[in-house]
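Listed here are the chains, written in short residue letters.
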Amino acid sequence: AQKVTQAQTEISVVEKEDVTLDCVYETRDTTYYLFWYKQPPSGELVFLIRRNSFDEQNEISGRYSWNFQKSTSSFNFTITASQVVDSAVYFCALSEARNFNKFYFGSGTKLNVKP
Amino acid sequence: DVKVTQSSRYLVKRTGEKVFLECVQDMDHENMFWYRQDPGLGLRLIYFSYDVKMKEKGDIPEGYSVSREKKERFSLILESASTNQTSMYLCASRQQGVTEAFFGQGTRLTVV
Numbered sequence: 046a047q048k049v050t051q052a053q054t055e056i057s058v059v060e061k062e063d064v065t066l067d068c069v070y071e072t073r074d075t076t077y078y079l080f081w082y083k084q085p086p087s088g089e090l091v092f093l094i095r096r097n098s099f100d101e102q103n104e105i106s107g108r109y110s111w112n113f114q115k116s117t118s119s120f121n122f123t124i125t126a127s128q129v130v131d132s133a134v135y136f137c138a139l140s141e142a143r144n145f146n147k148f149y150f151g152s153g154t155k156l157n158v159k160p
Numbered sequence: 108d109v110k111v112t113q114s115s116r117y118l119v120k121r122t123g124e125k126v127f128l129e130c131v132q133d134m135d136h137e138n139m140f141w142y143r144q145d146p147g148l149g150l151r152l153i154y155f156s157y158d159v160k161m162k163e164k165g166d167i168p169e170g171y172s173v174s175r176e177k178k179e180r181f182s183l184i185l186e187s188a189s190t191n192q193t194s195m196y197l198c199a200s201r202q203q204g205v206t207e208a209f210f211g212q213g214t215r216l217t218v219v
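Chains as they are written, first to last, in the working numbering: chain C, 46 to 160; chain B, 108 to 219.
Incorrect hints may have been included.
Said to hold, decoys possible - Within a straight-line C-alpha distance of at most 27 Å, the following computed DSS-like cross-link-like pairs (lysine-lysine) qualify: (1) B:177 - C:159; (2) B:178 - B:125; (3) C:61 - C:83; (4) C:147 - C:115; (5) C:147 - B:162; (6) C:159 - C:83; (7) B:120 - B:164; (8) C:83 - B:160; (9) B:120 - C:48; (10) B:178 - B:164; (11) B:160 - C:147; (12) B:110 - C:147; (13) B:164 - C:83; (14) C:83 - B:125; (15) B:164 - C:48; (16) B:125 - B:177; (17) B:110 - C:155; (18) C:155 - C:61; (19) B:125 - B:164; (20) C:48 - B:178.
As the list claims (entries may be wrong) - Residues from chain B that keep clear of chain C, each with C-beta distances beyond 10 Å, as calculated: (21) 120; (22) 126; (23) 138; (24) 175; (25) 186; (26) 206.
Everything labelled a hint here was simulated from the structure, so no lab data went into it. Cβ coordinates follow ideal geometry from the N, Cα and C atoms, glycine included.
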């Protein structure tokens with residue numbers, strides 16, 4: 046079974062629209078970490094955020110915000126007022142206490158922001 | 108800033124060739140990883156190293172081996188390249204413990 050599911054394969058929006066990327070995870074561990082990465086066309090994955098399972102506080106960083114809800118096992122990512130430079134593939138990932146050395150990545154969501 | 112450098116952005120190799128993909132990190136990280144990225148499948152872990160000369164198989168190690176003789180360098184080896192190994196290969200490094208991983212720019216390998 047997939048440990049991290051990103052159901053949205055591809056999303057297209059027009060610049061300045063808000064967009065939410067969904068991430069649903071599955072784990073039996075009570076201690077775990079969740080991550081979001083951005084992969085622009087250049088190829089390198091860029092780290093965006095890390096969240097631990099004991100901290101459900103939502104986080105905002107500029108136009109980016111993250112909504113972590115343990116009740117629904119979701120860690121969604123919202124971009125407000127999207128820009129063309131936000132066009133990329135976004136990956137959600139999970140790391141569990143039983144083996145923190147291992148990351149489970151979702152299949153990624155490709156975001157296209159059109160001018 | 109952490110820098111993870113992969114030796115090649117693009118490679119074209121012939122079936123049956125032995126292929127070396129090199130990765131170097133400059134932050135003295137203990138952990139290093141090799142992932143393979145394919146459309147619709149996300150990133151899949153090939154091998155992981157938690158220290159010099161130490162390695163652990165990931166989810167898809169078949170057809171691959173690795174070498175970590177120095178802390179900063181982690182090499183992925185395709186013993187006999189096959190067309191189904193055509194893919195994007197990503198190297199990452201991470202400080203021991205629960206931290207984020209830092210990725211290289213990727214190597215797009217084509218086996219013909």
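Among all the numbered hints in the text so far, which are the ones the structure does not match? Of the numbered hints, 1, 8, 9, 14, 20, 23 and 26 do not hold.
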